[in-house]
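Novice: Go by the hints and put chain B onto chain A.
Just so you know, the protein sequences line up as chains A and B, in that order. Note that the working numbering has the first sequence beginning at 164, numbered continuously upward. Note that the working numbering has the second sequence beginning at 164, numbered continuously upward.
Among the hints, erroneous ones may be present.
One copy or two, it doesn't matter: identical chains are merged, so the pair holds either way.
[Unchecked claim] Here are the simulated DSBU-like pairs of lysine-lysine, each with C-alpha atoms no more than 35 Å apart in a straight line:
#, residue 1, residue 2
1, K327, K262
2, K300, K424
3, K424, K262
4, K231, K300
5, K262, K168
The hints are simulated quantities; they were obtained by calculation from the structure and are not laboratory data.
There are 2 protein chains.
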Amino acid sequence: MSEIKIIGSDIPNLPWQEPEGEAADLPLWRYQDNPIIGRNPIPNVARIFNSSVLPYEDGFIGVFRGDKTNGVPSIYLGRSKDAFHWNFNREPILFTDEKGNPFMPRYAYDPRLVKIEDTYYIMWCQDFYGASIGLAKTKNFKTFTRLENPFLPFNRNAVLFPRKINGNYLMLSRPSDSGHTPFGDIFVSESPDLVFWGRHRHVMSRGNEWWESLKIGGGAAPIETSEGWLLFYHGVSGTCNGYVYSIGAAILDRDNPSVVKYRCPTHLLTPEEWYEERGFVPNVTFPCAALADATTGRIAVYYGSADSYVSLAFARAEELIHYIIQNSVVTQDDTEIGLR
Amino acid sequence: MSEIKIIGSDIPNLPWQEPEGEAADLPLWRYQDNPIIGRNPIPNVARIFNSSVLPYEDGFIGVFRGDKTNGVPSIYLGRSKDAFHWNFNREPILFTDEKGNPFMPRYAYDPRLVKIEDTYYIMWCQDFYGASIGLAKTKNFKTFTRLENPFLPFNRNAVLFPRKINGNYLMLSRPSDSGHTPFGDIFVSESPDLVFWGRHRHVMSRGNEWWESLKIGGGAAPIETSEGWLLFYHGVSGTCNGYVYSIGAAILDRDNPSVVKYRCPTHLLTPEEWYEERGFVPNVTFPCAALADATTGRIAVYYGSADSYVSLAFARAEELIHYIIQNSVVTQDDTEIGLR
Chain A
164 MSEIKIIGSD IPNLPWQEPE GEAADLPLWR YQDNPIIGRN PIPNVARIFN SSVLPYEDGF
224 IGVFRGDKTN GVPSIYLGRS KDAFHWNFNR EPILFTDEKG NPFMPRYAYD PRLVKIEDTY
284 YIMWCQDFYG ASIGLAKTKN FKTFTRLENP FLPFNRNAVL FPRKINGNYL MLSRPSDSGH
344 TPFGDIFVSE SPDLVFWGRH RHVMSRGNEW WESLKIGGGA APIETSEGWL LFYHGVSGTC
404 NGYVYSIGAA ILDRDNPSVV KYRCPTHLLT PEEWYEERGF VPNVTFPCAA LADATTGRIA
464 VYYGSADSYV SLAFARAEEL IHYIIQNSVV TQDDTEIGLR
Chain B
164 MSEIKIIGSD IPNLPWQEPE GEAADLPLWR YQDNPIIGRN PIPNVARIFN SSVLPYEDGF
224 IGVFRGDKTN GVPSIYLGRS KDAFHWNFNR EPILFTDEKG NPFMPRYAYD PRLVKIEDTY
284 YIMWCQDFYG ASIGLAKTKN FKTFTRLENP FLPFNRNAVL FPRKINGNYL MLSRPSDSGH
344 TPFGDIFVSE SPDLVFWGRH RHVMSRGNEW WESLKIGGGA APIETSEGWL LFYHGVSGTC
404 NGYVYSIGAA ILDRDNPSVV KYRCPTHLLT PEEWYEERGF VPNVTFPCAA LADATTGRIA
464 VYYGSADSYV SLAFARAEEL IHYIIQNSVV TQDDTEIGLR
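Excised from the complex, chain A in its bound form (with noise of 0.2 Å):
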């Protein structure tokens, strides 16, 4: 295997820590201060978590998923120096249609936030008569316009490639059904303009493993490295006392993602931690956003912890890729193109 190389811009300032103790050996590992996010964050907002971030100017900005004491998700935006200690508007975030005329989502919530040349992209699940994707985006995180709802629902997870590919853009999703959604494979599509989206295809199955025997779904958005496109997912088990989310990871074809190159079988991290395994929703450990470092091959991943909380964990790009490669298991689901 030639040197992985992460594809992308130097991230200088990411946020980073060395393992130490048994977090050597793990191809990703806990940041020690977690939570970096913890609960009543601002006035009228009980939780903050499933969140992206980004860099920006001379330190990042992200949009989180904010619960508030209603129990209604809106989207905040916040914006860090270092990326661990965050400031958050006090009200969500004002969507207005192209015509510049407020247009609210009833709710929204899991947030995903990617850059695509000079636009900053954002993607939610909220309300389309069933839950589905919203999309909007701004330039200068002061004005944010909503674009065409990509699918019909009932649909969540989605997250934009950071590039367009063939011409392209490109957005994986998971479609699933209008409750909490027992089932759930992850499909990206196609399109050439952010209005109309089509040559949609299968590009992974949830089942390969018992951790993410009932669905997966996108998480960050993806990594593009030497040996593909590195996929931050969620998989979800199902137990007697309800499902506990993992974080996994994937490589996937630079040219045709949606075939799956690598997938690793054993999640990377799943909840252990008092942060991971208490709260709201107890057991969810969600990643939203990754970002990484080309010079270093640093990789930084932003995920909420049991609904309640927004933690992170490293890895370094070289070792956990060929961790993924090394141990990779892959189904006839994964590798063909995905259309039938």
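Specialist: Chain B in isolation, oriented as in the chain A frame:
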């Protein structure tokens, strides 16, 4: 109300039977010799039902759901001189990809047939790593070329409008789950090219009335009239002994079909006859085609009965549409543009 007109072609040889007795008071009445297609219509096919027909050359042609004796459904081509009596090909329609290579769905059911300009389109439900919509085109009923699957799973009951609206193709569909789907509204989606789809809008909700309180789904291709698009659809009631499928009707705005102008709160036809109450799935009347003769205003509805037979019912456009308008009940979900 001005005179109601069908906007479309003449079908002088439309199948027709005047109502007799009590049927004279009904807006939609049954053909007295139903079902027109009985059990075991061709070798190895146990039941033909939920099928769709159009005029073709000097007679009629159709795509028929045939459940084989192994239980798996496929689509069969049928031809008829009078639209009552049908002859079927013994093998399912051979679908190919754009290069002409065989590309068969693993299963295919509930096909609809729609002509737009000089091309015939077939859409059906099939396996796409979950139930979703398949789409194919033909000009000669000899070669059938599959197009991109328009939507992600899970979806059923897709039907194209018979002409472009505002320059785009429009397709109704009913997002669902992976099973027997105990919910479901009708949506409409646009496409400039039948490859990429978007501008999804909610059309109408289940739940107005008990007979359609569980789910609804588009049925026949909409018929253009001076009052709007006349849509025959199915509505489902959940009982302690299973689902009951009835036939309803609504009228959609001609330029913005996501807006329901009128909706009949009562079913037009519900399982009452032996061929609707008895069969592989009892208590199903399921419309998949409606032929209309512009000059006379005569309408013939083809509907599947009990997942076992094909049956016919008739209406006069003017009387039916008056009935719908006079009884109409619409909710905000129905009349709004359908974007959230």
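Novice: Output the indices of the hints that this structure fails to meet, ascending.
Specialist: 5
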